[in-house]
Structure formats: structure tokens, C-alpha cells
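**Q** One letter stands for each residue in the lines below.
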Amino acid sequence: DAKTTQPNSMESNEEEPVHLPCNHSTISGTDYIHWYRQLPSQGPEYVIHGLTSNVNNRMASLAIAEDRKSSTLILHRATLRDAAVYYCILRDMRVTGANNLFFGTGTRLTVIP
Amino acid sequence: NAGVTQTPKFQVLKTGQSMTLQCAQDMNHEYMSWYRQDPGMGLRLIHYSVGAGITDQGEVPNGYNVSRSTTEDFPLRLLSAAPSQTSVYFCASSYLVTGRSYNEQFFGPGTRLTVL
Numbered sequence: 003d004a005k006t007t008q009p010n011s012m013e014s015n016e017e018e019p020v021h022l023p024c025n026h027s028t029i030s031g032t033d034y035i036h037w038y039r040q041l042p043s044q045g046p047e048y049v050i051h052g053l054t055s056n057v058n059n060r061m062a063s064l065a066i067a068e069d070r071k072s073s074t075l076i077l078h079r080a081t082l083r084d085a086a087v088y089y090c091i092l093r094d095m096r097v098t099g100a101n102n103l104f105f106g107t108g109t110r111l112t113v114i115p
Numbered sequence: 004n005a006g007v008t009q010t011p012k013f014q015v016l017k018t019g020q021s022m023t024l025q026c027a028q029d030m031n032h033e034y035m036s037w038y039r040q041d042p043g044m045g046l047r048l049i050h051y052s053v054g055a056g057i058t059d060q061g062e063v064p065n066g067y068n069v070s071r072s073t074t075e076d077f078p079l080r081l082l083s084a085a086p087s088q089t090s091v092y093f094c095a096s097s098y099l100v101t102g103r104s105y106n107e108q109f110f111g112p113g114t115r116l117t118v119l
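Residue numbers (this note's numbering), protein chains in the order written: chain A, 3 to 115; chain B, 4 to 119.
None of these hints come from the bench; they were simulated from the model. Check each hint, because a few of them may be wrong.
The list that follows gives simulated cross-link-like pairs (lysine to any residue, SDA-like), each with its CA atoms no further than 25 Å apart [what the hints assert, rightly or not]:
hint : chain 1 : residue 1 : chain 2 : residue 2
1    : A       : Lys5      : A       : Glu68
2    : A       : Lys71     : A       : Ser43
3    : A       : Lys5      : B       : Arg47
4    : B       : Lys17     : A       : Ser43
From the structure, some residues in chain B lie toward chain A, with a derived Cβ separation under 7 Å [said to hold, decoys possible]:
hint : residue
5    : Asp41
6    : Pro42
7    : Leu46
8    : Leu48
9    : Phe110
10   : Thr117
Idealized CB from N, CA, C, for every residue including glycine.
Using the sequences and the accompanying hints, generate a full structural model.
**A** As C-alpha cells, this is what we get:
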């Protein structure tokens, strides 16, 4: 699987937008970009995923660069509940074992009241 | 739905003891898996299953056994616990991914295991 690079930590003020970057310069044409987050003392939870086009859901937006070598998870208004570790994961959904996720160390987001 | 449940929440073992971590899901998911998370690190895949009777190894399978006799349950067995197995263990489940659909994974709350 292609590798992702994320900043170790970021800070944001409450109620402001947050842009969490992820670099994946070796991404293949069939790799999907997934984001999960892990709140303190909890298991990870799904946030969003995409392939080429930007995606929106109730939790966040995913902006994918035209060359797909980077992507950005956007939280439109950070709340204290959004303080978590955010993981950017690539996975080819066509291969055997596509359900398996390989986590890096992610970005720890701190939200300042 | 209860989602993914794990028992126990906490466990302390002595080196050499055995135990089973329980995981159950009530969403009729084909796929289930076990991860471990060490301090300051991301999750690492131990074992996974794509259906009853089918299991396979992940990244760090040594020291762990699994079986999948039903769709709902996927227990993780430590045969002879070692201090290196001190970790937080997460179980996850989802429908199987196909080339044209994505199915988000649901994680349990975790079991915090300490091996002395």
C-alpha cells in the first residue's frame, strides 16, 4: 500500500474551520483515500472517503488534489468534540483483503476553546 | 443495534497466563478483525476474517489465535501472555468491500490489557 504523510499535531480554535493535510505522492490510480478519527479512549470511527472527486458528508469534506498526490480533510467548524487523532489511509478497494486498514500515527488535533 | 461489543474492558494477566478477548457484532457483517494499539502508535492488524470459518493473519499475528464459528463472534486468544502483548485491543467489523462499494468499519470500545 502507498504511504501517507501527515503532520504529527495541529491546533485549531473552536468554531473555526480546520484543514488537515495528507500527502500520498505514491498513490496508485485505484487507491481510495480514507479518513478515520479516534477520540480519546475510544475506537476509531469512519469520517469520509473518496477516489478523485471532492466529497462532502455530515461530518466533513474531503478535498483531493487534481494529481491525487495530496488531500485535505476539512472540518467546517471545529468543536471540542472534534479533538481526536485523524488518520489518512490509502486502500485499493479491488484487492483481496481490501477491508484491512493500515494505520499510521495520524495527526493529533487539539481544539482550543 | 449494540454495534461492536468487546469484553472485558480491562484485564491484568501474569506472564504465561492465557485468556480470550471477546468480540461480538449484531450487524450481520461478514468482515471482522482485531487490531492492537501501543502507546503513541497507530493500530496494527493482528488477524481478520471474511466470514464464518475463514480467518487470516494480519501484520502482527504471532502469539495470537482466532477462530470464527459464527458470523457474530470473533474471539482473540492469547495462549501464553507476554509483557510485549500489553496493549489496547480493538475489534472491528464491516460488510465486505467490493470493487464498486465501500463499507465503513465499525470499531468496538477496546480492551486494555496489561501483562505483568
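**Q** A separate judgement is required for each hint: does it hold in the structure or not?
**A** Consistency of the hints with the structure:
The suggested pairing of Lys5 of chain A with Glu68 of chain A holds, with an alpha-carbon distance near 18 Å, which does not exceed 25 Å. Distance check on the hinted pair: Lys71 of chain A and Ser43 of chain A sit about 32 Å apart at the alpha-carbon level, beyond 25 Å; violated. Using a Cα cut-off of 25 Å, the hinted pair Lys5 of chain A and Arg47 of chain B holds, with the two alpha carbons roughly 15 Å apart. Of the supplied pair hints, the one linking Lys17 of chain B and Ser43 of chain A holds, its CA atoms being roughly 24 Å apart against a limit of 25 Å.
Contact between Asp41 of chain B and chain A, as hinted, is not supported at the beta carbon level, the nearest pair being about 11 Å apart and thus beyond 7 Å. Evaluation of the Pro42 of chain B hint against chain A yields a violated restraint, the C-beta minimum of about 11 Å exceeding 7 Å. Restraint check, Leu46 of chain B versus chain A: the minimum CB separation of about 4 Å is within 7 Å; hint holds. Annotation: interface hint on Leu48 of chain B holds; nearest CB of chain A at approximately 6 Å, less than 7 Å.
With 7 Å as the threshold, the beta carbon of Phe110 of chain B comes within range of chain A, its nearest partner Cβ sitting at about 3 Å, so the hint holds. Evaluation of the Thr117 of chain B hint against chain A yields a violated restraint, the C-beta minimum of about 15 Å exceeding 7 Å.
Hint compliance for this structure: hints 2, 5, 6, 10 are broken, all remaining hints hold.
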